Amino acid sequence: MLVKFLLTISVVFGSLVSFFDGLWFAEAELPFNGLAVKEQMAESQKLPRAAESPSLFDLTAWQVQRAAILAIAENNPNFLPIRDWEINDPEVEAKSAIIFNSNKDKILYQKNPEQVLPIASLTKLMTAMLVFENLGTDEIISISQKAIDGYGEQSGLRQNEKITAGNLLNILLIESSNDAAVALAE
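The sequence shown maps to residues 40 to 225 in my numbering.
Calculated directly from the structure, the hints in this document are not laboratory data. Since the model is a prediction, treat every value here as computed from it, not as a measurement. Incorrect hints may have been included.
Stated by the list, open to error - Here are the computed lysine to aspartate or glutamate pairs in the EDC-like style, where the Cα-Cα straight-line distance is at most 16 angstroms:
(1) Lys163 with Asp123
(2) Lys201 with Asp177
(3) Lys150 with Glu132
(4) Lys150 with Glu178
(5) Lys185 with Glu225
(6) Lys201 with Glu172
(7) Lys134 with Glu113
(8) Lys150 with Glu130
(9) Lys150 with Asp128
(10) Lys185 with Glu200
(11) Lys163 with Glu214
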């Protein structure tokens, strides 16, 4: 009942410091996030109960919620969630993968990072990037016999067919078409 009352009051009223069970708690640097409650109260943060203590109406929602959660957690050690560090690696079907945080220069995940693999369609992505930088998507391209005679995935282009660079990019990226890649490269 007290918890419901405190949580209800927490939505309505606000202040800079919180008061609970005869102690003042200096506001923590990080607000309660629902995952854990860290009690970081040094002796210097404890202030005696005094006449200038804030009333319940001066408390912020965060402070009342924190006080209520601390009260519940104190009486029930199973209340707070416990982080499960036994986390399985993600299921990745690729032969090799890496996730790198460039802001922190840190590898977050890797699977067979030393395995050498063909770059496959990465070249097609580079081709698309160069087309965007150097050609307009409305530019007309004539398909050559060399483009048609290429190896790998073919999209059925015909010699001397006229097609826009934008449409060739679609064929290149959606169908992974080698003939479109050669036509754009020419």
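Structure-based check of all given hints:
Between Lys163 and Asp123 the alpha-carbon distance is near 42 angstroms, which puts this suggested pair outside the 16 angstroms criterion. A distance of roughly 11 angstroms separates the Cα atoms of Lys201 and Asp177; the hinted pair therefore holds under the 16 angstroms criterion. Pair hint Lys150 plus Glu132 holds up; C-alpha atoms about 10 angstroms apart against a cutoff of 16 angstroms. The hinted pair formed by Lys150 and Glu178 fails the criterion: a straight-line CA distance of about 41 angstroms is larger than 16 angstroms.
For the hint linking Lys185 to Glu225, the alpha-carbon distance of about 9 angstroms falls within 16 angstroms, and the restraint holds. Annotation: proposed proximity of Lys201 to Glu172 is violated, straight-line Cα distance about 21 angstroms (limit 16 angstroms). Of the pairs offered as hints, the one joining Lys134 and Glu113 is violated, with about 49 angstroms between alpha carbons and a cut-off of 16 angstroms exceeded. Distance hint between Lys150 and Glu130 is fulfilled; the C-alpha atoms sit about 10 angstroms from each other, no more than 16 angstroms.
Restraint check for Lys150 and Asp128: satisfied, since their Cα atoms lie roughly 10 angstroms apart, inside the 16 angstroms limit. In summary, the hint linking Lys185 to Glu200 is supported, as the alpha carbons are separated by about 13 angstroms, within the 16 angstroms threshold. With a C-alpha separation of about 11 angstroms, the suggested pairing of Lys163 with Glu214 holds against the 16 angstroms cut-off.
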